[in-house]
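Colleague: For reference, the chains in residue letters:
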Amino acid sequence: MLESKVAISRELFLRSFFGAAVSPSSWTIDRLTRIIEESEVREGDVLFREGDAPDRIYFVENGDLRVTREGAPSFRYRGRWVLGIIDLLADRPRRHTLTVTKPSRIASVRGEDWLDIIEETLDVAKDAVSAQLGATARLYAKLPEPRFPPPEASPPPPALRLTLFERLLAFFDSPILRRAGVQTLSILAESSREIRLAAGETLASGASRPEDAYLVSHGEIATSQPGRFGRGTFVGGAALLSAGWEARATVPSVVLALPFEEWFDAMEEHFDLARSAMTWNALERERIYEALASAGDEPTFE
Amino acid sequence: MATLILIAGGILLVAAMASVLSPEGDAPEEPKAKADGSPFEREPLLTRIAILVALATATVLVVDYLFKLKVARTVPPAELGQFFARFYTGLNALSIVVQLGVAGWLVRRVGVAAALGFTPFLLLSFASLTLFSGGALLAVLALKATDGGLRHSIHRVSTELLYLPVPASMRDRAKPFIDGAVARSSQAIVAGALLGLTMIGLGSGRTIGMVLIGLAAAWLAVAVSMRKPYLALFRRSLATGAIDEGVTELDLASAEVLVERMASAEPFDVIAAMNVLAGKERSRLIPALVLHHDDEQVLARALEIFADSDRTDWIPLGERLVRHGSERVRSAAIRALATHGATPVLEEVANDASPRVRAYAVACMAAKSELDMTLDPRVRALLEGDSIESRIGLLTAVSDIGAPASTRNLLRMLTEDPRVESSTELVSALASAIGRSRDASFVSWLVGHVEKSAGRSAIRAALCALGEPAFEAVVSALEDTKNPRRLRVHLPRTLSRFATRRAAEVLVDRVTHDPDGLVRYKSMRGLGRLVADHPELRPKQRVIESLLHRNVLEHLRLLTLRVHVAPRDERDADEPTTRLLAGLLDDKMEQSLERAFRVLKIGYPEEDLHGVHTAALGKDKRQRANAAEFLDTLLAGPDHVASRTALRVVLDDLPAPERAERAARVLPNPPPRTREEALEALLDDADLMVATLATEYALRHGDVALVAAAGAARSQRPALVQSACRFFLKEQAAREPRHA
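Chains as they are written, first to last, in the working numbering: chain Y, 1 to 302; chain Z, 303 to 1042.
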C-alpha cells in the first residue's frame, strides 16, 4: 500500500480535477492513486512532441502550456487540464507538441490504464459523454461561420422504407460511431425509427431539448446554429443534446431518430460506443481549437 | 556394494561442488546479480521449485537404489544382463508412450499444479505397497516403472511449466543452478546417506522403503503447495494482483496535507479535501469555519456533509447562510438546518425568493401537524401551481422528515402528476421520498419507472428501501417475458441492489434460462456487480462451470462460422456486407469471450481477471501464454474439466483455421465444413441481425439459391423478407429495358 501521505496527496490532486459535480467512485480514485506518476515541470519542458506515440495522459494543475504544430498556428492551455487524451482516443501519433511555459505540478498515467479505468466505470461514462458534448457545443458559438464542414453529396431517399440493413449502413457511415463495433451499431439500428421529410419540412423546433439524436441517412438537414448536415452526420454536431436550435430539410431527406435513452443505455454496456463518442468529441474539440487558433492571435483556452 | 555407493557418492559430491563453484554461465551477469539481489530472494516460487527438484531427485535415487538392491537379491547374477536389457527396453517404451500420449493430455486436463503431484503420488502409493508387501518384486518393479515412465514425461513437463511465469532474467539465472547444483547436491547427500545407512547396518529394504515413503510424501506435499505461489506469480506477471481492499488510513502527515488543502484559495481543492475526509468518515475534521468561504460550491458541499453528520457546532454559521445570495446555498442551508431540528429559521425562509426553498420550508412547517399534508392550504397552493422547483422543494422536505403517514396523499398525487415526468430531479426526489415512506403501495409505480433513465438510480434505491414486496415485484416483472424488453433489461441491476442470496439465485436463473440474450447479459452484469460487492453470495462452482462452458462454446461455434466468411479478395474485403457480417461475427466472438471472463469474475471475485482478459487478447505471445496457464491453474480440478479444455482451444496460439479444427472436437454439434454450410447456419441464426446480414451477404455473393432455400425460416422474420424482396426488386429493375 502507498504511504498514507502520498496516497492522500494524490487523491486530493485527482479529486480536484473532477470538480464538485462528479464524484468518482472510491475504486476509481484508489486505482488512479496507485498508478499515477507525479512530477514538477519547468518552463521549456516538453510533455510530448508531434509524432510521438500517444502512450500517456497528463493531469496538469495550474499550468500554462503552448500547443504547437509545424505549419499551423499555436494556441495555449492555461489552468487545470487533462491533456493527451485526443491522440490516445484517436489511436494516432501526437498531432501537436506540448511545451510547458510555467512551472507546475503534473501527474501522468499510462493511456492503456486510463482506458481500462474508463471501461470499468461505464455506468458513469454516459454522464461524461453528455458533459463533454455539452462543453464542446458551447464552443461552437465562438467559431466563425461556417461552423461545420460542408456536407458531402448525399443520395436522394429511396422510394421504399429503409431495410434494417440500410439503417445499419447509415450508422456504420457515421463518424461519431466510427469506432463502435457492428454488434453495437446493430442495437442502435434496431432502436432507431425512420423519419421522412419533404424539402423545407421541420425536423426540430428547438423549443426544448430533443429526445432523439437525428442521424441523416439521405438528403440534407440545415440548422439554425447555423450548419448543414448530410449523410452519416448527427444533426447539430456536438450540440445534438442541446436545446435551442431549429432544423429543417433543405431537400427531400430521410433521418433516423435514435432515442437518447437507447443510445445511453447501450453506452452503459458497450465501451466501444462510449469511446467512439468520446473520440469524435475530442476530435471535434481539436477542430474548434485549431479553427480559433487560425482566426486569432495564439488564443488561450482556460 | 558399499564401495560402489561410496564412489558414486564421491563423484556426485564433486559434481555438485563443481556446479556451485563453476564460473561459467552466470559469471558475466555477476555485477547485475549483486545489484538486483538473488533471484531466490526476489521470487519465493524459485525456492519452492528448488526444494521440489531436490526432493524429486532424492526420491528417484532411492527408488533406483531399492530397485537395484531387490533385483540383485532376486535375479541370479548370470541373468542380470538380460533382465536389465528387457526391463529397460520396456521402461523406455512406456516412457515414450506416456510422453507422446499422456503427458500433454494430463497437464491440459488437470493443470500444471495438479500434474505436479501425479508422479510423487504414484511413487508414494507403490512405496507403501512395497513396504507392506515385504518388498515384493512386483511392487518394486511397479515403483521403478513409475519412476522411469513418468519422470521424463509428466514430471519434467509440469516442472518446466512451473518456470513459465518467472521473468526471463530470473529464470535464466536460477534454472541452471537448480538443475545443476541443487540436483547434484541432492544426489550427493542422498548417496552419502544411503552409504551411511549401509555402513551402520540399516541398509535393509525395509529401512530404505521407509526413507522412500518419507521422501515421496515430502515431494507430494511440496508439489501440492505450489499452486498458490504459482498463481501469485502469474498474477504479478499479468500485472493484475488479487484485489487489494486496503483503504488508506489518515495519519498525522496526511492530515496535515488535508488541512493545508482546506485553506486553499481554489474551491475545487477545498471540495476535494472535504470529499476525502467525508469519504474516510472523518468529516469531523472539516472546520465549521469553512462556512465563511466565498465560493458557493464549497458552501453547498460543506452544508451537505454537515447535514449528514451529527455535529451541531456549524449551526450558528449555517443559520447565517439562509440569507445567502445563492439559491443553491440557501437551499442547502435550510436542508441542513431542518435535518438537525433547527426549525426557527423556517418561518424566515417561508417567503424566500426561491420556490424550492419556500416549498421546503412550507412542507417542514406543515409536517408539524399530523394531518394530511395535502389539506394544508400552503401546500395545496403549491400543488396547484406548475412549478417543478416547488415540487422538488416539497419532496426534498418530505424525504428529510422521513415521509410520515401525513404525506401519503401528497406522494400519491405526485405519482399521478404528469409534470413529474419532465424532470429527472423531480423523479429522483419523488422516488427518495417514497423510499423513506416504506409504503409498499408505491411498488408498481417504482417498477414501472425503472425502464426510464430519469432518476433510475433513486428508483432502485427506493425499491430496496421498500424491501420484500418490492423484491417480489421486481422478480415477477423480470420473469414475465411478456413485459417489454425495455423494462426487463433494467431489472437485473435493480435486483442486484437487494444483495441477497435469493437475488443471486434469481439472477443465475435468468442468466441460464431467459430467452432474451440481452436480458441474460444484463443478468450476468447484475450478478457480477452483486458478487463483486458481496463475494459470499457467489454461485456454486458447478453453476460457474455451466455458464463458463456455455460461453466458451458459443465463442468457438462462432469461430467455426467466421472462418468461412473471410473475404475472397481485396475488393470483397471492402464490400459492405462482407465487412458487416465479418465484423458482427468478430464482435459476437469477442462478446462471448467477454461473458466467459465475466463468469470467471463472478466465480473468483477475489481475482482481478480484467488483466488476464486483456493479456489473453493482447499481442504479446508470452503474456497470452501466461494468461492461458494462469486460467489452467485457476480452474484446476474436476469441476472445470470441460471449460478448461475448451478455453485451451481459445487461448492456445493457433491460426484461426487450425483453432476451428480443434474447436470441432469440443463442440457438441458438428460445425460447418464448407462456406455454404456456414451460410445456411447463419441464415437460420437466432440473432435477427446475424440472419439479416447473412441474407444480404448471400444475395450479394450470388448464393441466391441458399437464400431461397431458407425462405421457410425467413417467412417468420419480416426484416429478412424485406431484405430479400428489396434485393430482387433492384435486380429486376436492373434487368428491365430503360426507356428514354
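No lab work stands behind these hints, which were simulated from the structure alone. Incorrect hints may have been included.
[What the hints assert, rightly or not] BS3-like cross-link-like pairs, simulated, lysine-lysine; straight-line CA separation at most 27 Å:
1) Z/Lys923 with Y/Lys126
2) Y/Lys126 with Y/Lys102
3) Z/Lys923 with Z/Lys530
4) Z/Lys530 with Z/Lys842
5) Z/Lys923 with Z/Lys477
6) Z/Lys582 with Y/Lys5
Computed from a predicted structure; not experimentally measured.
Colleague: Evaluate each hint against the coordinates.
Modeller: Hint check:
1. Simply put, lysine 923 of chain Z and lysine 126 of chain Y have alpha-carbon atoms about 34 Å apart, too far for the 27 Å limit, and the pair is violated.
2. For a cut-off of 27 Å, the pair hint linking lysine 126 of chain Y to lysine 102 of chain Y is broken: about 34 Å separates their Cα positions.
3. Proposed proximity of lysine 923 of chain Z and lysine 530 of chain Z is supported: the alpha carbons are some 24 Å apart, at most 27 Å.
4. With a CA separation close to 21 Å, the supplied pair lysine 530 of chain Z and lysine 842 of chain Z stays within the 27 Å bound.
5. This hinted pair checks out: lysine 923 of chain Z and lysine 477 of chain Z have alpha carbons roughly 22 Å apart, not beyond 27 Å.
6. Between lysine 582 of chain Z and lysine 5 of chain Y the alpha-carbon distance is near 14 Å, which keeps this suggested pair within the 27 Å criterion.
Taken one by one, the earlier hints fail for this structure at numbers 1 and 2, listed in ascending order.
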